[in-house]
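Participant: Sequence:
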Amino acid sequence: MKFLKQHANSILLCLFEVLVGVLLLIDPAKFTAAIVTVFGIILIVTGLICIIGYFRMEPVQAAASQSLFKGLFALIAGIFCMVQAEWFIAAFPVLAILYGAAVLIAGLIKTQWTVNLIRLKLGRWGLPAVSAAISLICSIIILSNPFGAAVALWIFTGVSLIVEAALDIVALFIVSAVSED
Numbered sequence: 091m092k093f094l095k096q097h098a099n100s101i102l103l104c105l106f107e108v109l110v111g112v113l114l115l116i117d118p119a120k121f122t123a124a125i126v127t128v129f130g131i132i133l134i135v136t137g138l139i140c141i142i143g144y145f146r147m148e149p150v151q152a153a154a155s156q157s158l159f160k161g162l163f164a165l166i167a168g169i170f171c172m173v174q175a176e177w178f179i180a181a182f183p184v185l186a187i188l189y190g191a192a193v194l195i196a197g198l199i200k201t202q203w204t205v206n207l208i209r210l211k212l213g214r215w216g217l218p219a220v221s222a223a224i225s226l227i228c229s230i231i232i233l234s235n236p237f238g239a240a241v242a243l244w245i246f247t248g249v250s251l252i253v254e255a256a257l258d259i260v261a262l263f264i265v266s267a268v269s270e271d
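For reference, each letter of the sequence shown is one residue, going 91 to 271 in our numbering.
Check before you lean on any hint, since a few could be wrong.
Claimed, not checked - Here are the computed distance ranges between Cβ atoms for each label pair: (1) F129 to F159: 15 to 21 Å; (2) L105 to A223: 40 to 46 Å; (3) K95 to A124: 30 to 36 Å; (4) A152 to A181: 33 to 39 Å; (5) A267 to L103: 17 to 23 Å; (6) F129 to L103: 14 to 20 Å.
Simulated from the structure, these hints should not be mistaken for laboratory data.
Here the structure is a predicted model, which is why all the values come from computation and not from measurement.
Think of the CB as a built atom: it goes at the ideal place given N, C-alpha and C, for glycine as much as any other residue.
Make the full structure from the sequences, and use the hints.
Facilitator: Following this line, the structure appears as structure tokens:
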């Protein structure tokens with residue numbers, strides 16, 4: 091139980107990655123359109139709250155907050171997301187590069203984790219090393235974009251999310267067990 095409390099955020103993040111990976115495998119275009127639409131709704135609500143907040147503030151405070159600008163910008167961005175969700179699907183290669191950069195950063199962090207385990211002589215650094223290597227390899231593949239079809243990228247992204255999350259959960263259990271010894 092202590093383990094779950096200590097690592098609840100990491101475990102939830104891994105489970106979320108698995109869910110996203112599965113949904114990407116089922117129907118990547120609809121999933122992406124749904125995510126963009128939900129993000130658009132969030133932006134619209136945020137924009138409306140900022141605009142209403144602006145008019146409820148004292149004029150001097152409102153002028154300093156720039157809440158009207160922030161609200162209008164969020165409102166327009168939200169409407170764009172809802173009306174042009176397909177644009178994001180067409181822009182997937184750019185999104186894939188951003189995702190590849192995020193996976194690269196995660197791989198570098200996992201490399202740091204592995205080296206820390208080795209330097210602290212805690213042992214059992216093999217699985218974190220494998221996870222780091224997979225993340226780094228996946229990021230290189232994504233960033234070099236060898237796939238001709240966007241569908242292949244969606245499938246690869248979904249599978250890599252699932253595999254990476256599963257390895258991270260197992261590594262968390264192993265590292266937790268080692269640190270308790």
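Participant: Verify the CB-CB distance for A152 and A181 against the hinted window 33 to 39 Å.
Facilitator: Given about 35 Å between the Cβ atoms, the range holds.
Participant: Is it true that A267 and L103 lie within 17 to 23 Å of each other by Cβ?
Facilitator: holds, 20 Å
Participant: Is it true that L105 and A223 lie within 40 to 46 Å of each other by Cβ?
Facilitator: violated, 23 Å
Participant: Is it true that the C-beta distance of K95 to A124 lies inside 30 to 36 Å, as the hint says?
Facilitator: holds, 32 Å
Participant: Determine whether the Cβ-Cβ distance between F129 and L103 falls within the hinted range of 14 to 20 Å.
Facilitator: holds, 18 Å
Participant: 15 to 21 Å was suggested as the range; check whether the CB atoms of F129 and F159 agree with it.
Facilitator: holds, 20 Å
The structure fails hint 2 only (numbered hints given earlier).
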